Amino acid sequence: DGGITQSPKYLFRKEGQNVTLSCEQNLNHDAMYWYRQDPGQGLRLIYYSQIVNDFQKGDIAEGYSVSREKKESFPLTVTSAQKNPTAFYLCASSLWDRRFAGYTFGSGTRLTVV
Amino acid sequence: KQEVTQIPAALSVPEGENLVLNCSFTDSAIYNLQWFRQDPGKGLTSLLLIQSSQREQTSGRLNASLDKSSGRSTLYIAASQPGDSATYLCAVSLTYGGSQGNLIFGKGTKLSVKP
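Going down the list, the protein sequences come from chains A and B.
Each step along the first sequence adds one to the number in our numbering, with nothing skipped, and position 24 is 24.
Each step along the second sequence adds one to the number in our numbering, with nothing skipped, and position 109 is 1109.
Isolated chain A, as found in the complex (with noise of 0.2 Å):
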């Protein structure tokens, strides 16, 4: 079965250390996007990618980087320069004319400092 999956499901870190979240989708999707979701808050956009080698800024970047080496993954680091880091982090992806296509996401993973 086609999809995207998210590991690990729960991550902690510790203050000053970099982490990274990795986003695997099986689907030929071109885009991918990472997303922020806080208690009582929507989703947030942190970065998207169109195509392989090639990302753009979302709304809350800062702290944050990605790499697309390759169609199918969109890990995203988050740094140590990210100061409130505790949420849940979720990734997706849909065809490149996004115009008529719906996005599938995965399962999520949950980042605690501790």
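It is possible that part of the hints are untrue.
To be verified - Pulled a few chain A residues facing chain B out of the computed Cβ check, cut under 7 Å:
1. Y10
2. G42
3. L43
4. L90
5. G102
6. G106
7. S107
8. G108
Think of the hints as simulated: they come from the structure by calculation, not from any bench.
Bear in mind the structure is a predicted one, so any value in this text is a computation, not a measurement.
Glycine is no exception: its CB is placed at the ideal position from the N, C-alpha and C atoms.
Using the hints provided, position chain B relative to the given structure of chain A.
For chain B alone, coordinates are given in the frame of chain A:
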């Protein structure tokens, strides 16, 4: 700047009741509107996608309507069941600028269906 609002924030109904969830958006320049379901601690599941040229979409007991000119969408759930309990999110797809195609989400409506 596009803003998406969902009312009510939470809703509790008895099993079997028909119900309506509301979504409003401030800018009618959208490609499409999508409704998602999110169970606690899980990712989002796509329910319905309505293109800007369409008025409604149906899937089983779900029916979503779109009135682009007034900036409103409703999600109608017929004969609600306890398994429908979840948070329902509405999102619109932007048509302008560098963010073309990106989704703007509402904060969701948390639905509880009591047996």
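The hints, checked one at a time:
1. Y10: With a minimum Cβ separation of about 10 Å from chain B (threshold 7 Å), the hint on Y10 (chain A) is violated.
2. G42: Cβ of G42 (chain A) sits 4 Å from chain B, so the hint holds.
3. L43: Constraint on L43 (chain A) satisfied, holds at 4 Å.
4. L90: Holds, about 6 Å.
5. G102: The hint holds - G102 (chain A) has a Cβ within 7 Å of chain B, the shortest such distance being about 5 Å.
6. G106: Interface hint status for G106 (chain A): holds (5 Å vs cutoff 7 Å).
7. S107: Since chain B brings a Cβ to about 4 Å from S107 (chain A), closer than 7 Å, the hint holds.
8. G108: holds, 5 Å
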